[in-house]
Amino acid sequence: MNHLLNGTLLTPERAGEFNDRDLSILVRHARSCGLLAALCVRLKQTNQFEGLPIEAQRHLHSALVVADKQARDLKYELKWIKRALDSVNIKSVLLKGAAYILADLPSGRGRLISDIDLLIPKSKIEDAECALKEFGWHNGEYSAYDERYYRQWMHEIPPLGHPKRGSTIDVHHTILPPTAAPNVDANLLFANTVEIGDGLYGLAPIDMVIHSATHLFHEGEFHHGLRDLWDIDRMLRDFSARIPTFWRELAPRAEQLDLTDSLFHGLVYSNQVFSTPLPNHVVSQASNWSRKLKKPMMNFLFKRAFSPDQPETRWPLTDTALNALYVRSHYLRMPLRLLMPHLLRKAWTRRFQDKQTSEGITNAAEA
Amino acid sequence: MIKLNQLSGLERRRRLCNNKLALRVGPFVYQVHSSLLELDDGLGTLYGDFEVVDCDSFVDFTVSVKRANPLSYLKGTADFYFDHQRPFTTFNIKNAYAFFEWGLNWCISVYPNEYLTLHAGVVAKEGRATIFPGVPGAGKSTLCAALGLAGWRVLSDEHALIPPKTSTVVPVPRPVSLKNESLEVIRRFSSGAVIGPPSGDTHKGRVAHLKSDLTADAHERNPLPVHSMVFPQYSPTDEQHLSRRSQTQSFVMAAFHSFNYSELGMEGFLTMRTLIDAVRCYDLVYRDLDWAIDTMEKLNVGMLR
Chain A
603 MNHLLNGTLL TPERAGEFND RDLSILVRHA RSCGLLAALC VRLKQTNQFE
653 GLPIEAQRHL HSALVVADKQ ARDLKYELKW IKRALDSVNI KSVLLKGAAY
703 ILADLPSGRG RLISDIDLLI PKSKIEDAEC ALKEFGWHNG EYSAYDERYY
753 RQWMHEIPPL GHPKRGSTID VHHTILPPTA APNVDANLLF ANTVEIGDGL
803 YGLAPIDMVI HSATHLFHEG EFHHGLRDLW DIDRMLRDFS ARIPTFWREL
853 APRAEQLDLT DSLFHGLVYS NQVFSTPLPN HVVSQASNWS RKLKKPMMNF
903 LFKRAFSPDQ PETRWPLTDT ALNALYVRSH YLRMPLRLLM PHLLRKAWTR
953 RFQDKQTSEG ITNAAEA
Chain B
8 MIKLNQLSGL ERRRRLCNNK LALRVGPFVY QVHSSLLELD DGLGTLYGDF
58 EVVDCDSFVD FTVSVKRANP LSYLKGTADF YFDHQRPFTT FNIKNAYAFF
108 EWGLNWCISV YPNEYLTLHA GVVAKEGRAT IFPGVPGAGK STLCAALGLA
158 GWRVLSDEHA LIPPKTSTVV PVPRPVSLKN ESLEVIRRFS SGAVIGPPSG
208 DTHKGRVAHL KSDLTADAHE RNPLPVHSMV FPQYSPTDEQ HLSRRSQTQS
258 FVMAAFHSFN YSELGMEGFL TMRTLIDAVR CYDLVYRDLD WAIDTMEKLN
308 VGMLR
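Chains as they are written, first to last, in my numbering: chain A, 603 to 969; chain B, 8 to 312.
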């Protein structure tokens with residue numbers, strides 16, 4: 603049961619043997635992991651979809667309808683983002699889901715996204731923000747403290763939302779907070795960007811993989827952990843088949859970007875969960891990096907993060923593991939001397955705000 | 008086929024507590040799980056005529072209502088779970104039954120895209136269906152409830168499921184939700200109305216549900232041709248009337264009140280066009296339920312144009 607979803611994603615032919623109960627569990631697991639549309643794509647690619655009972659088909663189809671709608675909307679939003687950024691001579695560089703979809707990568711088909719991530723050079727971030735605001739996107743309401751927190755300590759500015767169309771843009775100037783331990787030189791990323799759509803850019807394939815792993819293993823919320831790992835598996839297989847120098851250049855690039863820990867985790871868990879084939883020389887290189895990592899502990903945590911949080915696949919102590927990963931993400935994001943005051947301040951204001959909001963609601967109800 | 012009321016109360020409760028109860032609701036199967044008495048009570052009162060399905064068959068939606076942790080016993084709260092995850096915020100346990108019903112609605116509002124899903128009540132008589140697209144508070148549920156008590160078949164008080172490029176509607180029968188004054192109105196309208204557990208004060212006020220699968224064909228699953236689209240509006244002051252409404256305006260309104268019109272893209276547009284081309288659209292302003300039912304009867308048999 604533990605391999606129901608991963609196994610079917612990898613070998614869709616298995617679905618033909620499933621009974622109704624297996625299929626409804628499969629649909630539920632995929633839906634809870636945000637992988638239902640991706641599963642549908644896999645089943646269609648391998649001609650397994652048509653043979654499934656109509657009860658299963660309609661859920662798979664319904665999820666793909668949503669993913670297709672998001673992809674349509676994304677392309678429309680990108681038209682306007684490009685127009686906005688062109689007006690201030692800034693190259694539009696897309697990250698993550700938006701880039702996978704636009705570049706039509708195997709991980710992009712059926713991929714759900716919640717916002718559009720952009721990478722903009724730090725020196726141009728104000729221009730980009732002004733331009734996007736002129737085209738209708740706005741900052742939400744943030745307290746002065748949050749605003750300063752984002753701008754001083756984070757690698758992104760507060761998200762920009764479009765009130766009419768509902769799209770959200772996250773503008774980043776690099777891929778990790780400046781306060782995190784790895785010292786990533788964003789210029790290296792900009793230097794290698796490639797065109798993935800009409801005048802729109804993405805990171806180079808190798809950088810895309812490294813960023814995907816970095817994002818996942820610095821992340822605090824693992825609700826989409828399995829999906830993000832699936833992205834990595836798809837990219838590793840796709841790029842290594844298309845780019846002859848891929849495996850040779852991957853590890854040196856991670857060293858150059860100071861992101862070896864993340865890449866190590868990405869390779870190990872993609873291989874563990876999705877049996878991604880890794881060449882021996884990459885494995886031995888990665889194990890050199892891994893000496894300093896606490897492997898048994900990480901295995902304990904990630905095994906839980908990468909299993910669907912469903913009764914059939916849930917490991918004992920899953921909540922504890924997810925909480926530990928959440929704390930870990932904050933610890934990775936900034937040193938304790940910055941983190942502790944921040945968390946205290948957040949806890950304090952949240953208490954205060956909660957009280958205010960609930961009073962607000964009561965007042966509104968009475969009015 | 009076993010109906011829920013063919014199980015003993017004890018057996019129903021045992022299955023509900025052990026996550027072994029699956030019910031067919033129109034084209035969907037819900038597996039429901041709860042140890043709360045209110046839920047067992049509500050299911051017993053309102054779902055007696057629903058088909059009990061074997062849990063090994065394909066289950067579309069897995070839902071439960073339970074207390075999240077020991078602390079919720081102290082706080083008197085409960086949670087709705089879909090796919091073992093919590094899509095809503097925690098609620099007062101007094102409102103458990105209302106949240107359960109909303110949760111069931113929510114599954115249909117959010118997930119299925121094999122139909123064009125309109126936010127609407129649907130009723131039928133003599134095999135001809137009428138859709139009541141709803142602005143909340145317009146009085147569509149009250150009208151559905153009254154028609155149901157007057158012998159009409161209620162296909163849904165919340166969702167009109169339109170198969171692509173047809174002008175038919177798929178029944179998805181469920182109890183009709185009644186809020187605040189309409190509860191009293193319906194109680195006065197029919198002394199035989201079967202009403203489920205009342206909720207306390209929710210964000211929508213006081214809510215209870217009416218058993219509305221009263222006709223012999225209530226749970227048949229075949230799609231029905233749509234005959235008309237009526238936009239009801241309860242008004243205590245305006246003069247009661249039924250009048251033709253522009254097809255174009257009705258298209259736009261129904262699309263606006265759809266859950267997935269834009270998700271479906273071109274298919275959504277074509278389905279809505281097929282539907283609107285096949286039906287006549289009306290405004291129905293009513294104050295008196297007997298008058299409204301009489302008008303609907305006349306409309307249904309072609310006595311009104």
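Please note that a few of the clues may not be correct.
Unchecked claim - A few chain B residues that face chain A, going by a derived Cβ cut-off under 8 Å, partial list only:
1. ASP48
2. THR52
3. VAL66
4. ASN112
5. SER116
6. PRO119
7. GLU121
8. LEU271
9. GLY272
No wet-lab data here; the hints were simulated from the structure.
None of the values given here were measured: they were computed from a predicted structure.
Built from N, CA and C at the ideal position, the CB exists for glycine as well.
Hint by hint, here is what the structure shows:
Taking 8 Å as the C-beta cut-off, the interface hint given for ASP48 of chain B is violated, the closest approach to chain A being about 26 Å. This hint is violated: THR52 of chain B has a C-beta 28 Å from the nearest C-beta of chain A, more than the 8 Å allowed. Proximity of VAL66 of chain B to chain A holds as hinted, the smallest CB-CB distance being about 4 Å (cut-off 8 Å). About 16 Å separates the beta-carbon of ASN112 of chain B from the nearest beta-carbon of chain A, more than 8 Å, and the hint is not met.
Annotation: interface hint on SER116 of chain B violated; nearest CB of chain A at approximately 12 Å, more than 8 Å. This hint holds: PRO119 of chain B has a C-beta 5 Å from the nearest C-beta of chain A, less than the 8 Å allowed. The beta carbon of GLU121 of chain B is positioned within 8 Å of a beta carbon in chain A (closest approach about 4 Å), and the interface hint is therefore held. For LEU271 of chain B, the suggested interface contact is upheld, since its CB lies about 7 Å from the closest CB of chain A, less than 8 Å.
Hint status for GLY272 of chain B: holds, given a least beta-carbon distance of 7 Å to chain A, under 8 Å.
Hint violations for this structure: numbers 1, 2, 4, 5, all remaining hints satisfied.
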